[in-house]
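Q: Read off the chains here:
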Amino acid sequence: MFSCEDVRAALSDYVDGDVSPDLRRELERHLSECRTCQVLYDTTRKTLQIVTNVGSFEVPEAASERLVTRIMKRLTATRHAPTPRS
Amino acid sequence: MLDIPRTAHDTLETDRRDDAAWIRQLQAGDEQAFDLLVRTYGGRMLMVARRYVGNDEDARDVVQAAYLSAFRALSQFEGTAQLSTWLHRIVVNTALMKLRSRRRRPEEPIDDLLPAFQEDGHHVEQFADWCAPADQLIERKETRATVRACIEQLPNNYRAVVMLRDIEELSTQEVADMLSMTPTAVKVRLHRARQALSTLLRAHYAQPAIST
Numbered sequence: 021m022f023s024c025e026d027v028r029a030a031l032s033d034y035v036d037g038d039v040s041p042d043l044r045r046e047l048e049r050h051l052s053e054c055r056t057c058q059v060l061y062d063t064t065r066k067t068l069q070i071v072t073n074v075g076s077f078e079v080p081e082a083a084s085e086r087l088v089t090r091i092m093k094r095l096t097a098t099r100h101a102p103t104p105r106s
Numbered sequence: 080m081l082d083i084p085r086t087a088h089d090t091l092e093t094d095r096r097d098d099a100a101w102i103r104q105l106q107a108g109d110e111q112a113f114d115l116l117v118r119t120y121g122g123r124m125l126m127v128a129r130r131y132v133g134n135d136e137d138a139r140d141v142v143q144a145a146y147l148s149a150f151r152a153l154s155q156f157e158g159t160a161q162l163s164t165w166l167h168r169i170v171v172n173t174a175l176m177k178l179r180s181r182r183r184r185p186e187e188p189i190d191d192l193l194p195a196f197q198e199d200g201h202h203v204e205q206f207a208d209w210c211a212p213a214d215q216l217i218e219r220k221e222t223r224a225t226v227r228a229c230i231e232q233l234p235n236n237y238r239a240v241v242m243l244r245d246i247e248e249l250s251t252q253e254v255a256d257m258l259s260m261t262p263t264a265v266k267v268r269l270h271r272a273r274q275a276l277s278t279l280l281r282a283h284y285a286q287p288a289i290s291t
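So the sequence lines, in the order shown, correspond to chains A and B.
Remember, the numbering used here sits 20 above the position in the first sequence when you count from 1.
Remember, the numbering used here sits 79 above the position in the second sequence when you count from 1.
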C-alpha cells in the first residue's frame with residue numbers, strides 16, 4: 021500500500037504524465053482516499069500551471085534602449101580592437 | 080542591398096524567411112544588422128536572463144556578454160536554427176555560467192520547503208487548498224511578481240532546473256546536457272524544486288487551514 025511519502029516521491033513524474041500504468045493506478049487509488057495528498061497534488065499542478073504561464077515579464081522600453089546603447093558601445097569597441105584578419 | 084526587417088513586429092512576421100538575409104548581413108559585419116539584432120531581441124533576452132540570475136544588474140551583464148559571444152560566433156552560425164533560438168540558447172548558457180561563478184553566499188538548503196513525513200510515511204501536516212483556481216490567479220497582475228519572487232527564492236541549482244524544464248520547456252535530456260547532470264538527477268532536482276515552489280506559493284494562496 022502506497023504511503024503519502026511514496027506519493028510525494030512520484031508526484032512530479034505523475035504530473036508530467038511520466039509514470040507506468042501500474043504506478044498510475046496506485047497513485048490514483050491513494051489520491052482518491054487521502055485528502056492531504058490530493059491537496060498536495062492539486063497545488064503542485066496549480067504551481068506548474070502558474071509557473072509555465074508566467075513567462076511574460078514586461079521590460080520597460082527605456083531599459084531596452086539603454087541596453088541597446090550599452091551593447092553596441094561594447095561591440096564597437098570590440099570590433100575596433102586590432103584583430104588578425106584572414 | 081538586402082532588405083532587413085525594421086521592427087520587432089516586422090521581424091516576427093517575416094521570421095525564418097528573412098533570417099537568411101539577415102544572417103548574411105550579420106556575417107558580413109553590417110553594424111546596422113547587429114543593432115537590429117540587439118534592438119529586436121534585447122528586451123526578450125533580458126527577461127530570459129533575469130529569470131535565471133534573479134536581478135537586473137546581472138541580467139544586463141549576461142545579455143551584454145551573450146551578444147558579444149554571439150557576435151564572435153556569427154561566422155560559425157549555419158542558420159539551422161532561427162536567429163532568436165540561437166541567441167536564446169547563448170543567453171541561457173551565459174546565465175548558467177554566471178550562476179556557476181557566484182560565490183557570494185552559500186546555497187540555502189531546500190529541505191525546509193519540502194513536505195515532512197512521519198515515520199509511517201504519512202504527512203506531518205495537513206495542507207490547505209488554494210483560494211482560487213490557477214487560471215484565475217494567472218489573470219492577476221500581481222501573480223507574476225509573486226511567482227517571480229518565489230522562483231528567485233530557490234537556490235541557484237534548483238531555480239535553473241525549473242527555468243529550463245518548466246519555463247523553457249526543454250526535455251529532461253536537454254536539461255541534463257546543459258547542466259552536465261544525469262536525467263535522473265534532473266528529475267530529482269526538478270521534483271524537489273517544484274515542491275519547494277509549491278510551498279512558497281502556498282504561503283500566498285492557501286486558504287486558512289482547517290483545524291482538526
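There may be inaccurate statements among the hints.
[Claimed, not checked] Selected chain B positions facing chain A (in silico; Cβ < 10 angstroms):
1) Asp190
2) Gly200
3) Arg281
[Stated by the list, open to error] Computed Cβ-Cβ distance ranges for the label pairs, DEER-style:
4) A:Gly37 <-> B:Gly200: 19 to 27 angstroms
5) B:Arg151 <-> A:Pro41: 30 to 38 angstroms
6) B:His201 <-> A:Glu85: 20 to 28 angstroms
7) B:Met176 <-> A:Arg55: 18 to 26 angstroms
8) B:Ala152 <-> A:Met21: 51 to 59 angstroms
Worth flagging that the hints you see were computed from the coordinates, not collected in a lab.
Where a beta carbon is used, it is the ideal one built from N, C-alpha and C, also for glycine.
Q: When you take the CB atoms of methionine 176 of chain B and arginine 55 of chain A, is the distance between them in 18 to 26 angstroms?
A: 45 angstroms, violated
Q: Lying within 51 to 59 angstroms: is that true of the beta-carbon distance alanine 152 of chain B to methionine 21 of chain A?
A: Given about 55 angstroms between the Cβ atoms, the range holds.
Q: Using the nearest Cβ pair, does aspartate 190 of chain B come within less than 10 angstroms of chain A?
A: Given a least distance of 13 angstroms, the restraint on aspartate 190 of chain B is violated.
Q: Answer holds if the nearest beta-carbon of chain A is closer than 10 angstroms to that of glycine 200 of chain B; otherwise answer violated.
A: Hint holds; glycine 200 of chain B Cβ to chain A Cβ min 3 angstroms, cut 10 angstroms.
Q: Has the hinted range 19 to 27 angstroms been met by the Cβ atoms of glycine 37 of chain A and glycine 200 of chain B?
A: Roughly 24 angstroms apart at Cβ, these two residues keep to the hinted range, so it holds.
Q: Taking the closest Cβ pair, is arginine 281 of chain B under 10 angstroms from chain A?
A: It holds, given that the least Cβ distance between arginine 281 of chain B and chain A is near 6 angstroms, below 10 angstroms.
Q: Does the Cβ-Cβ separation between histidine 201 of chain B and glutamate 85 of chain A fall within 20 to 28 angstroms?
A: 56 angstroms, violated
Q: Verify the CB-CB distance for arginine 151 of chain B and proline 41 of chain A against the hinted window 30 to 38 angstroms.
A: 50 angstroms, violated
Hints 1, 5, 6, 7 from the earlier list are contradicted by this structure; the remaining hints agree with it.
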